[in-house]
Every structure is written in structure tokens, then in C-alpha cells.
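Using the sequences plus the hints, can you model the full thing?
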Amino acid sequence: MGQGADKHKLSNGMVLLGERMEAVESVAFGFVLPAGAAVMPSGCCGAANVIADWIFRGAGVRDNRQLGDALDGLGLHRSAGVDSAHITIGAVLEASNLSAAIELYGDIILRARLEDGQFAPARQLAIDGVKGLDDDPRHKVMLKLREQFYPEPLGRSAAGEIGELETLKPETTKRIVAETFSPSRTIFSVAGKYDFDTVVGWMEKLFGEGKKSRAKSLTTGDRPGRYKHIQNEGTQVHIGLMMPTVRPGDKDYYNARLAVAVLSGGMSSRLFTEVREKRGLCYAVGAQYHAMKEAAGIACYAGTTPEKAQQTIDVIITEFNRLAEGISEEEIQRAKVGLKSSLIMQSESSSSRAGSIAGDYYMLGRVRTLDEIKAEIDRTSVDSVLDFLRRKKFKEFTVVTIGPREIKIG
Amino acid sequence: MEFKVHKLANGLTVIGETNKSAESCAVGFFVRTGSRDENLQINGVSHFLEHMVFKGTERLSPFAVNEHFDRTGAQYNAFTSEENTVFYAAVLPEYLAEITKLWIEMMRPALRTEDFNIEKQVIKEEIAMYKDQPNYDVLDRCRLLYFDGHPCGNSVLGSEEAIDAMTAEQMREYFAARYAPNNMVAAVAGNFEWNQIRDIVESGCGGWGSRDVKRELADTRGSRAKNRIEKASLAREHICLMSPGTSAQSNRRFAASLLSMIVGDDVGSRFFWELVDKAIAEVASMGFDSMDGTGVNCTYIRCSKDNAHKAMEIIANIFAGLAKSGVTADELAKAKNKVLSALVIKNELPMGRLVDLGFNWTYLGQYRTVEQDVAAIKAVTVADINALLKDYPPGEFAQFSLGPAN
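In order, the protein sequences belong to chains D and P.
In case it helps, this note's numbering puts the first sequence at residues 3 to 412.
In case it helps, this note's numbering puts the second sequence at residues 1160 to 1565.
Heads up, some of the hints might be wrong.
What the hints assert, rightly or not - Just some of the chain D residues that point at chain P, by a computed CB distance under 7 Å: (1) Pro123; (2) Gly212; (3) Gln233; (4) Thr237; (5) Gly268; (6) Ile346; (7) Met347; (8) Glu350.
Unchecked claim - Taking CB as the label site, the calculated pair distances span: (9) Met1160/P with Glu105/D: 32 to 42 Å; (10) Lys1537/P with Arg228/D: 50 to 60 Å; (11) Ala122/D with Lys1464/P: 19 to 29 Å; (12) Glu1352/P with Gly367/D: 37 to 47 Å; (13) Leu1523/P with Asp197/D: 31 to 41 Å; (14) Ala1475/P with Lys214/D: 51 to 61 Å; (15) Glu378/D with Glu1352/P: 29 to 39 Å; (16) Ala1488/P with Ala122/D: 27 to 37 Å.
Said to hold, decoys possible - No more than 27 Å apart at the CA atoms, straight line, and that leaves these computed lysine-lysine pairs for BS3-like: (17) Lys1505/P with Lys195/D; (18) Lys133/D with Lys1385/P; (19) Lys1260/P with Lys280/D.
Don't read these hints as lab results, they were simulated from the structure.
A quick note: this is a predicted structure, and the numbers were derived from the prediction, not measured.
Just so it is clear, CB atoms sit at the ideal spot from N, CA and C, and this is done for glycine as well.
This is how it looks when you write it as C-alpha cells:
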């Protein structure tokens, strides 16, 4: 398992990746379409979100209802997500229905009907989704944090902006689909129970047409800001904090992952111990590595009642800064074991493997084997992580808070 | 797959299902206790106690517990519901024995007053966090309204006031009364050696004394009360409906899950086509929650305040349509496909399997294979579902709404 992925490139450039898993009866697949939030034309923030809904409202010979019924009839569990670079659509299902499912997705990607009558509800749901974020400050603060942290347009909200969604037209949106839904720049991945040659045959037939196209290069602007507070009369102050770090593929990538694991891997990690276990400041506190192809960061969340908010952020920043002063051998060992075992456990899930291999290919241009990742983790040490932290000091914290009280950033 | 069971003299049951092709395994303690087993004075104690279990034993400090788990790379946590407190860890096979021993040790926690006082702050932050998530808050409030004095309406987290007033001594008493071996199941799933784990549990837990443990098990049809609370800070209307459902012990639970899939799955259901597809509500879902001796169907809707009335009219029509004409064969066939594939996918992971294994034993005292559940789902007929609709009409609901001010 996880020891070398299947790979095939169609003549138009579309990449097909696969990983067989002997122990499962399920199969998961995903289409990674180069139509994410950052590539939407300016003034169309949120269009990708509308598109991810609209394309399911009828495709090929099926209208909205017929398509929904056909997908449901296969018992598949759909997933659809929009991030900065991509719209990813896929599903996990029992293996015997894979060919029928891929055929339906072929229609959705290449022959979505995109009827005007179906545009209004798709757009309305996107608008309502943005409005709903006001009632979910924990989620909203992390979206706003990325907006502040990443250079424009990378951090653009995948959910969208209400003003821009309200003026979005079906014609414009149709044009965006035509320009961005290019099979030649799509990554397809499959994991679980399947036969790769058979899958390649289906894909050739469904997606083999069309010319190669090249991605428009992205021009990035400035980072919008250092601290932003959004006033809300809720119970807690929701704190998002982010700082730059190295991207996947960088020689220090694994050192960075280890550093984040020391800070926020398991419950013995620094943030959980100092913020929650010793001081009782928060229920939820944690940091994660977050990467795009163009930039990466460490994103931290904490939620706490207003009177504890200042102390919480002070303790968190102290912990980030203290990391370069020293890390124990035991801490590094725990971080390594944690990363390796979660890797192995994720390898048991077909949907998680399908996502990983596509992510690797997009970021690195190839799929890493589990053995390679394990070896790279093993190669890190207290010295290598400390050396990395001292060369690339944490600075330029970007902070967003939502809640009844502002905080001071040192 | 091979199933094994062993009952200790003190009443603790160990169960295991081995799957040699798995890469990992999962181990858990299922304690039959939750907020329904509390009184109002100690409301929230089950959940607070779940946190305190991680604070260690006479021998282990809280930090030592966390470090021990993390040294093995375990993915571990716990959750508390109205009627269960479950401690679990997914681990690589080579660490299973060690982690099982750790859980056993932790099941007899020190419950130190100083740890209790720090953790009380964390619990209050958790309560505050859920207050900022109206989709959870409305569910808690609707449960209280529906259960109308029945203990299943007790909040899992408890109120801030109850937590403030609670003492460590009250928690110790509750622990002694509820964490008796005859009120617990130890379960293991995945790639492991049964004899080894059985012996570890036997020698680690065999000395615990059993106790007489009771639970109030009266069924209830709930109230049909309606209430709405306004909050100036809210942007959307959050509506929760609860109606009676069949229990975890009933064979009709399979029909009940299929019905909730037909009515309120995220996609493809009656709610989806009438409410979400038409953008009247952005979220509309129904779930079936089978419990010990009772059960509820729970609907959650999120929409604009302006659409709330219209959404409720549509729901009333859907429920009236179900009462009049029942479900169709085509709807049932699709729901079966969805329920079956979800079941198979979930059970592919030892952690997913552990949960079903533990709950089947807790509720039914029974081992059920995935194949038995698959067969039970396949056997459900349209007539079964329509009979269920007659006995448990979803139209007879309690309703709680949280929304913006007028």
C-alpha cells in the first residue's frame, strides 16, 4: 500500500493518478479542476463557489433532477470543495459503480448545461453561505486570516464576497467555466479498488479530446495587513494567527512540518500544554501547516472569552518565539512518531489517499511514496529543526480576531 | 474477521474483532453513562469527568498521560453524549498493548482538586465556544424543550452555573457510582492478537469492584412545544425540530435511518429538492438518533429570517405528504444504496469499526457483523417505512428557533 502510484498522461495533458488498496471494497476519485478562487477574474469573488454548485444542476442528457437522482442511485458520497487554486469534485463509493460514476462526472465537467434558470439558486446559495459565516465565527476567522496573510489574489475567500456575488451574471460565469475547465490541466486521482488500465480506457474515451492549454500565470500583490479585528457581540474572541514558512518541495519542508508538530501535534505539544493544560485559557487551540504552490504558512486558531484573549495571544506568540531556543530529543521523537503514524492510518482510507496523491502531484509534480515520506521524517533531528528555526525566524505575524474585544499585538 | 468476547467476574466485558489485513487497530472503553444519568445539580459532570480522565492517576501527571500517548503516535480522544462516554485510540499494531494498559490505568483517575479547578476553566471555555455556534446551541435548546423534564433533555456540557457550583467531591461520587466494571465495555478492532489483549484487560481490570448501576429508561413521546429566542448578534435563522423515534434496541432502527435519509439527507432528499435546491434554505437535514429505550428524529434548518416561515410551510407539506402517501420504492432504493455504501466505507477503518462494535454491545449485548447490518438494511420494505411513519409521525415535533431580532 502506498508504494508507488499508477500514473498515465492523456495526449491532451490530463494527468491520471491511482493507488490500489488491497484491503478495501470502496473506491474514491477526484477531479482537480484549475478553477479556484484565485484564478477568478477580478470582481467575481465567489464565482468558483457558484460554479461548483451550478455544474451539478443538469449535464448532458440529464436535467437537474435526473442528474441528482442518477448520482444518488449509485450510492456515492459526493464531495466538492473550492480552494485558492482549484475546484475539486469527487466521491467515494462501492467499487462496482465506478465506471457509471465517472461517466456522470464526465458530463458534469464537459457538458454541464449551465441553464440560466438554475443560475439564480446556485448564486443565492453561495450568497447565503457567506452570510451564514457570520454565525460561524470560528470558521470565518480562518478565512479572513488567509485573506490578510496571503498576497492577493491567493488569499481570496473561496466562499466569496456578497457584493461581487450579487452582481455576478450567468454569461460571465459561463465564460469562466469555458476558460478554466480544461481537461488538459486537470488532475484525476483514484484510490482503493479499481483496475488502472480499465480506468485509463474510460478516461481516454471521456476526456481524451481537446487540446493542450496553458495556465495563465498569476501575478501576486501585497499582503493586505497585519492585524484586523471584526467586531461581533458573541461569547468568545476567535483568534487567528499566521506566519510565513517554507513551501512543499523546499529543502526545509520536513523541518517545518516537525516544528509545527512540536508546537501542535498531539496533546503533549507546546501550545496545548501551555495554553490549555497549564493555564486553562482555551478549549480549542492549535496550529497547522497550510500550503499553496506559491506560498505557505503556519495557521493557528484559539477561541477564548474576552477577558482571557490578550493573555492567550501573548502565550501563543511566546511559544512560537521560544521554539528556536531549544527542543528536546523526546519532543522531536514524539513529533516524528505522530507524523508517521497518522500517515499510515490515513493510508487506510481511500478518499484520503485519492486526495493526497493529487495534492502531491499538483505541489511537486510527482507522487511521494509513503516510504519516501517516512525516510524524510526520519532524516530530521533536533539540530536540523533548530537550525531551520534560527535561519527562518518567526516574524511578521498576521492576526485576525472576531469577537467583542480587540487585542494588542506586541 | 473473527469475533471474540470475554466477561470478567466483576462484569466488565471485553470484545474484539480481528482483521489481519488492517494496517492499524483501535481500542476503546465504552462507559454507559452520560448527561441523562445526571441530576440538575451535577449537570455536565459526565462530560467534565471525561476531561478529568486525561488528568492522570495517582502515578501519572496530566503531562505524563499526554506524552505517553504521543510517544506512540496514537490518535486518541474521547466524547460524551446523553448516554455514553467513550474513550478511544487508533494506533499502529505494535503499540496496542501499551495503549490498552494506559487506558486501563486512566479508567481509575486521581481526580485531583487542583486539576479539577484548572479544567473547570477549560469546560467553561467549551461552553462559551458552543454558544458562538448557533447550529449546536439550537440543538441543545430543542432537546431540552422536546424531552420536557425527561433526563435525555439534559445538556451534555451543562450550564455555566452548574459547572461553577460543582465540587471535585461531587465528581468523585459520580465516578464511583458510574465507572463500575459492569457498566463498561472494552472493545478492540483491527489487526491485533486477541489472547494478549484479553489477558491485559483481565489482569488490569479484574480487581475493580462492581456496583449496582441504574438508569431511568422510560420512553417518551416528547413535547410539541414551540419556542424562539432572538439574538441581536445572529445573521441567520436556525431552526431545530425534534419528533419521536424508535430506540437503539428496536429492529426498526434500520428503517428509521433509511427514512431520515429519504427525508433529510444533505443531497437528493425531499428536504434537499424542496428547500436547498431551490435556495430557500442553505442547510436542511434530518438525522435519526437512536437512544437507550427511546429515540428522536432531529431536523436542522438554516435560512434567512425572511424565508423561515416559507421553509416551515414547505416542511409541513413534506410531512403531510409522507403521512398521506408514504415513501416510494425508488426513494427507498436510493436511500439503501447511500446507507449501505456509507456503512461499508466507515467500517473499512478500524476506528469506524470500533464505534459500531462498542455500541452494538452497549445497546444490544450483541455482536453484529457488517454483513448482518447490510442484510438488515436490504430487507427493509416500503411497507416497513410507511408503518414507521404512522407510529412515529415526523409532523409531531417540538420546535426551537434561534434567530435575529425582528
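TODO: Would you list, in rising numerical order, the hints stated earlier that this structure does not obey?
DONE: 2, 3
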